[in-house]
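Chemist: Quick note, the sequences are listed as chains L and W, same order.
Residue 118 is where the first sequence starts when you use our numbering, and the numbers rise one by one after that.
Residue 118 is where the second sequence starts when you use our numbering, and the numbers rise one by one after that.
Everything labelled a hint here was simulated from the structure, so no lab data went into it.
Any given hint might turn out to be false.
For chains that are exact copies, the list does not tell them apart, and a pair is met inside one copy or across any two.
Said to hold, decoys possible - Dumping the calculated BS3-like pairs for lysine-lysine here, alpha-carbon to alpha-carbon at most 30 Å:
hint, residue 1, residue 2
1, Lys546, Lys236
2, Lys457, Lys546
3, Lys438, Lys546
4, Lys152, Lys546
5, Lys480, Lys357
6, Lys349, Lys441
2 protein chains.
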Amino acid sequence: MEAGKTIKIGFLGMGTVAQGVWEHLSKNPNVLGAKVELSKVCVRDTKKKRDVSIPPEKLTTNPRDVTSDPSIDIVCELMGGTTRAFDLSMEALRAGKVVVSANKAAICERGDLLFEEAKKMGSALFFEASVAGGVPVVKILREGLVANRFPLIYGILNGTCNYILTRMERENASYESILADARRLGYVEADESLDIDGWDSAHKIAVLAYLAHGVWIKPGEQMPVMGIREVKLEDMLWAKDFDYRIKLVASVRKNPRTNSIFASVYPALVPLDDVIANVNGVYNAVSIDGDVVGRTVHIGRGAGRDATASAVIADIADAIKFLKGGVCVRRENKKLKLAKASEVTSAFYVRLGVKDRAGVLAKVAECFAKHGISIERLKQLARSDGLSSKAWLILTTHETSEQNMSDVCSDLKKLSVVAERPFVLRIFKTPKI
Amino acid sequence: MEAGKTIKIGFLGMGTVAQGVWEHLSKNPNVLGAKVELSKVCVRDTKKKRDVSIPPEKLTTNPRDVTSDPSIDIVCELMGGTTRAFDLSMEALRAGKVVVSANKAAICERGDLLFEEAKKMGSALFFEASVAGGVPVVKILREGLVANRFPLIYGILNGTCNYILTRMERENASYESILADARRLGYVEADESLDIDGWDSAHKIAVLAYLAHGVWIKPGEQMPVMGIREVKLEDMLWAKDFDYRIKLVASVRKNPRTNSIFASVYPALVPLDDVIANVNGVYNAVSIDGDVVGRTVHIGRGAGRDATASAVIADIADAIKFLKGGVCVRRENKKLKLAKASEVTSAFYVRLGVKDRAGVLAKVAECFAKHGISIERLKQLARSDGLSSKAWLILTTHETSEQNMSDVCSDLKKLSVVAERPFVLRIFKTPKI
């Protein structure tokens with residue numbers, strides 16, 4: 118492919134995820150390291166109202182306008198389903214296009230044919246978005262951990278079931294009541310059974326099993342699949358008594374002795390001290406045991422518009438690299454500056470060695486007040502190191518700047534009642550997973 | 118590069134990690150998707166005893182035999198240090214070779230020059246092994262999450278410090294006593310200050326900051342760096358009182374408002390319900406907030422021969438792809454077979470709806486015994502659903518086969534005392550992180 122050429126991308130389907138891709142690529146086209154044009158979009162209804170504004174001349178109801186347009190380099194299949202979507206992906210591959218797909222069902226059912234066609238045409242199929250949207254697990258397995266064999270891969274691959282189980286436990290609520298909520302919130306697929314009965318997880322673990330072991334396992338016939346319908350709140354509480362948490366676990370294991378492989382999806386009791394047991398809500402997690410690297414665990418949002426869009430965009434970037442046959446390197450950013458201590462804020466933990474005498478607390482508190490730092494919690498403790506004439510003052514502050522903190526420390530040092538240099542730690546608060 | 122050509126790899130240094138790379142590549146050369154030859158190794162002492170047997174004619178004490186040999190395509194710099202290692206990497210790049218490096222210190226100090234030289238020569242430098250060995254975080258940031266900007270990246274990047282903090286808390290032991298142990302176990306670098314005082318973490322977060330933001334931040338002058346020397350056991354216990362755990366946290370944040378960036382390394386209190394707070398021992402973890410994908414967390418061994426070797430081999434695979442300008446796809450594996458139910462074992466949780474009458478327990482226990490399944494724990498509970506004539510029997514089993522379990526279930530169903538189909542869950546026990 119000639120250098121500097123603008124790469125044209127066509128879309129099959131413009132649902133939630135595709136709109137996410139469109140929006141983010143329109144905002145930051147440079148992340149792809151190439152000039153790209155979002156050139157054609159096949160939809161069922163061109164008049165339908167969408168969150169993103171697409172020039173009407175780019176819309177079509179005829180998929181051939183995408184799969185057969187010789188100017189289009191990359192086709193993103195984001196329409197879902199296993200029949201029409203599969204046929205159109207095959208068409209695009211036959212036409213020599215690189216295909217990006219988020220369609221786990223189609224890939225699980227007939228991925229072998231898709232990959233075969235891609236190989237035959239010297240093209241490629243990228244499908245990061247088909248498994249655990251926010252977790253780049255396809256790339257991790259295929260490239261990052263390429264040195265490894267994989268005796269065990271297991272994890273949480275369906276955000277809807279994990280959301281339901283998490284809320285049942287946290288709210289002591291029944292399966293039915295939370296499911297009703299999940300439906301209201303639009304967390305459950307139109308075909309509920311895909312989520313609830315474990316088929317979505319099964320499609321995903323089948324894709325991971327193919328990546329790890331190069332074989333296709335058919336959910337159902339070759340893989341036991343059980344969902345969460347029959348899990349009672351009582352089961353979760355009793356499991357907790359035994360130090361377990363119930364999660365819908367998809368797994369694939371290989372027995373090196375018998376050289377055999379076993380994949381399954383079922384609600385399982387996971388020990389509370391396993392990281393996977395502590396992945397809650399809509400988050401997905403994949404735990405990968407590699408024979409060289411040992412265990413790695415990867416956690417992220419499993420679904421949703423933006424998490425999935427992030428994966429599709431990564432695939433488009435790889436598709437472009439594939440077309441160019443090069444490796445993209447991150448660009449420099451000269452505009453960034455380093456933050457000043459006055460701009461950086463944190464909450465702090467302070468251990469203060471003080472003389473054990475009246476008025477200490479007042480002097481210390483006054484010092485913090487002077488610098489506008491409000492104390493969150495405070496306790497005074499006798500010293501264990503036998504310095505009975507001294508005491509420990511332990512306190513935590515509310516959010517303040519690094520500058521304020523270093524100022525208060527230099528003032529504290531000067532106080533006659535303070536016996537030692539203050540010992541300061543940051544409290545690292547971030548949004549919860 | 119002509120197709121089918123054997124790719125020659127040279128090594129600078131043959132220490133622990135390099136020997137790991139050598140061993141695993143000798144065992145599974147096909148993981149690289151190309152014919153490779155481990156052709157030359159520069160060492161200080163050719164006579165030294167090593168775990169891997171290297172043909173003497175491949176050993177040299179003259180680095181030029183590696184950096185200037187026109188037949189060598191890829192040079193792995195695994196000697197460490199920042200002066201000689203840097204000079205030799207530059208030499209290799211100038212000679213047009215692709216360089217793979219695990220040397221975070223050299224990359225952090227003068228990576229800008231290395232990348233510049235690589236770019237100038239149309240070559241490349243790969244450095245996955247330089248940050249969190251077992252976690253393919255370089256690839257995740259650069260490729261898997263390419264669609265994202267990164268407001269916050271934080272985590273545990275030094276296994277030695279995490280090991281010491283973990284044992285202090287678990288064993289109520291002092292910093293000094295555990296440090297002494299870590300020394301005995303060879304977990305501490307020759308230059309202890311690199312680990313203990315946070316410089317190793319600083320080098321690594323600097324590399325991640327470059328990947329995420331394209332700027333180089335100098336530890337010390339531009340980045341506050343504090344290690345764990347002054348952390349007392351008491352601090353850890355008091356932090357726990359406040360629902361925090363003390364970890365050595367390396368982080369880089371970007372403030373989009375001021376377009377400024379702040380990197381730091383310090384012991385920090387992390388909320389106990391943050392996944393990062395529950396990453397213990399020698400494990401590393403990186404939490405990445407992407408503006409598109411949301412939060413992803415990646416956990417794995419941070420150092421050690423094999424985890425680092427896994428990363429170096431992934432880099433060699435990428436270097437080969439770079440040389441070929443193609444994309445490697447995983448090979449099929451026809452030899453694998455699917456496991457039979459009799460080959461797959463697990464521990465089980467069973468909820469049994471039984472009639473509330475004498476002799477039930479005996480009949481049920483007998484049924485399990487008949488199939489050689491030993492019961493681990495058992496409790497009988499009154500039913501909450503008002504069926505007072507019935508009771509719940511909740512039990513967990515020791516490891517047994519899927520076959521045995523389905524056999525016992527079909528027998529249980531036939532028992533007159535069993536009122537409902539047994540409800541079975543697997544207990545998912547795996548090695549702990």
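Chemist: Hint by hint, note whether the structure agrees.
Modeler: How the hints compare with the structure:
1. With identical chains, the CA atoms of Lys546 and Lys236 are never at most 30 Å apart, being 48 Å at best within one copy and 39 Å at best between copies.
2. In the homo-oligomer, the alpha carbons of Lys457 and Lys546 lie at most 30 Å apart inside one protomer (20 Å), although the nearest pairing across protomers, at 48 Å, exceeds that limit.
3. Proximity of Lys438 and Lys546 under a CA criterion of 30 Å is satisfied in neither setting, with 38 Å inside one chain copy and 41 Å between copies.
4. For the homomeric pair Lys152 and Lys546, neither the shortest alpha-carbon distance inside one copy (39 Å) nor that between copies (49 Å) is at most 30 Å.
5. Taking the shortest alpha-carbon separations for Lys480 and Lys357, only the inter-copy value of 27 Å comes in at or below 30 Å, while the best intra-copy value is 48 Å.
6. When the C-alpha separation of Lys349 and Lys441 is checked against a cutoff of 30 Å, the pair qualifies neither within a copy, at 53 Å, nor between copies, at 55 Å.
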